[in-house]
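According to this note's numbering, the sequence shown is numbered sequentially starting from 1.
Don't take each hint at face value.
Quick list of simulated restraints, FRET-style, between CB atoms [as the list claims (entries may be wrong)]:
| no. | residue 1 | residue 2 | range |
| --- | --- | --- | --- |
| 1 | G213 | A8 | 14 to 24 Å |
| 2 | D163 | A29 | 16 to 26 Å |
| 3 | L9 | D210 | 17 to 27 Å |
| 4 | G90 | A8 | 38 to 48 Å |
| 5 | V191 | A8 | 28 to 38 Å |
| 6 | G164 | V96 | 20 to 30 Å |
| 7 | G264 | F114 | 30 to 40 Å |
| 8 | D49 | L142 | 17 to 27 Å |
| 9 | D97 | Q55 | 17 to 27 Å |
Keep in mind the hints are simulated off the structure, nothing from the lab. Built from N, CA and C at the ideal position, the CB exists for glycine as well.
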Amino acid sequence: MQQTHPAALAALLVDSRNTLGEGATWCDATRALYWTDIEGARLWRCRADGSDLAQWPMPERLACFALTNDPDVLLVGLATHLAFFDLRSGAFTRIVDVEPELPTRLNDGRCDPFGAFVFGMKDEGGEPPRALGGFYRLGRDLTLGRLALPPAAIANSIAFSPDGARMYFCDSLVREIFVCDYRAGGDVANVRPFARLTDADGDPDGSTIDRDGGLWNAQWGGRRVVRYGPDGVETARVAVPTAQPSCVALDGEGRLYVTSARTGLGDDALAAD
Numbered sequence: 001m002q003q004t005h006p007a008a009l010a011a012l013l014v015d016s017r018n019t020l021g022e023g024a025t026w027c028d029a030t031r032a033l034y035w036t037d038i039e040g041a042r043l044w045r046c047r048a049d050g051s052d053l054a055q056w057p058m059p060e061r062l063a064c065f066a067l068t069n070d071p072d073v074l075l076v077g078l079a080t081h082l083a084f085f086d087l088r089s090g091a092f093t094r095i096v097d098v099e100p101e102l103p104t105r106l107n108d109g110r111c112d113p114f115g116a117f118v119f120g121m122k123d124e125g126g127e128p129p130r131a132l133g134g135f136y137r138l139g140r141d142l143t144l145g146r147l148a149l150p151p152a153a154i155a156n157s158i159a160f161s162p163d164g165a166r167m168y169f170c171d172s173l174v175r176e177i178f179v180c181d182y183r184a185g186g187d188v189a190n191v192r193p194f195a196r197l198t199d200a201d202g203d204p205d206g207s208t209i210d211r212d213g214g215l216w217n218a219q220w221g222g223r224r225v226v227r228y229g230p231d232g233v234e235t236a237r238v239a240v241p242t243a244q245p246s247c248v249a250l251d252g253e254g255r256l257y258v259t260s261a262r263t264g265l266g267d268d269a270l271a272a273d
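The task is simple: from the sequences and hints, build the whole structure.
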């Protein structure tokens with residue numbers, strides 16, 4: 001877990017040593033940062049300074065999650081299904097299974113500005129992953145619908161413009177972030193390229209949007225987070241002293257938080273990280 005400084009160089013905030021840290025989310029109500037270690041099947045939380053560290057074990061890998069109107073209840077995207085999770089009691093309330101007929105699991109997800117939870121899937125049926133998984137929207141009424149977007153091997157970078165008129169997304173294997181027109185009911189149209197990464201940049205992973213509509217993207221393998229303006233032009237860069245930054249979150253005071261991952265790194269790479 002990393003935190004930015006004015007010199008655009010991230011510094012260690014929590015030495016969590018997550019296998020696959022992801023899903024960084026800031027909660028204004030609790031003044032806390034939440035994230036998941038997907039492969040560790042745990043939800044994590046800390047304060048802005050890294051204090052008051054807490055963890056909750058999950059029954060399956062926790063891929064993504066969202067805040068709700070109750071600060072003690074989260075909507076969680078486990079590997080195979082969506083559920084509500086009560087932080088106080090530890091109870092889970094199952095909502096719906098997702099793609100039970102496919103060798104996929106939930107991956108990246110974010111709430112849209114209208115209160116729906118939008119998420120995508122990751123293929124786990126072989127290497128390299130295939131473009132099998134869809135993008136979905138869980139409405140406020142808890143109905144699940146598939147978005148009319150191309151399937152992805154590793155769905156990522158889901159984010160929304162502040163007015164909700166644009167949705168950003170990617171398939172990490174394609175190394176290109178896309179944008180489309182988006183409506184409150186989940187209708188999408190006019191899919192078009194937004195930002196293209198090179199092999200040297202790494203793979204686009206999790207993203208968040210700032211109040212000015214800029215998209216901050218963690219670039220796996222690139223040791224950096226990049227901000228793109230609404231026009232897709234790079235406007236800022238934060239160096240991250242770890243090989244695999246995975247997701248980002250902003251708090252209300254402009255601090256940027258970055259999760260990272262150890263998965264796939266050998267002993268020498270971990271020692272250098």
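The hints, checked one at a time:
{"no.": "1", "hint": "G213 to A8: 14 to 24 Å", "verdict": "holds (20 Å)"}
{"no.": "2", "hint": "D163 to A29: 16 to 26 Å", "verdict": "holds (23 Å)"}
{"no.": "3", "hint": "L9 to D210: 17 to 27 Å", "verdict": "holds (19 Å)"}
{"no.": "4", "hint": "G90 to A8: 38 to 48 Å", "verdict": "holds (39 Å)"}
{"no.": "5", "hint": "V191 to A8: 28 to 38 Å", "verdict": "holds (31 Å)"}
{"no.": "6", "hint": "G164 to V96: 20 to 30 Å", "verdict": "holds (23 Å)"}
{"no.": "7", "hint": "G264 to F114: 30 to 40 Å", "verdict": "holds (36 Å)"}
{"no.": "8", "hint": "D49 to L142: 17 to 27 Å", "verdict": "violated (36 Å)"}
{"no.": "9", "hint": "D97 to Q55: 17 to 27 Å", "verdict": "holds (26 Å)"}
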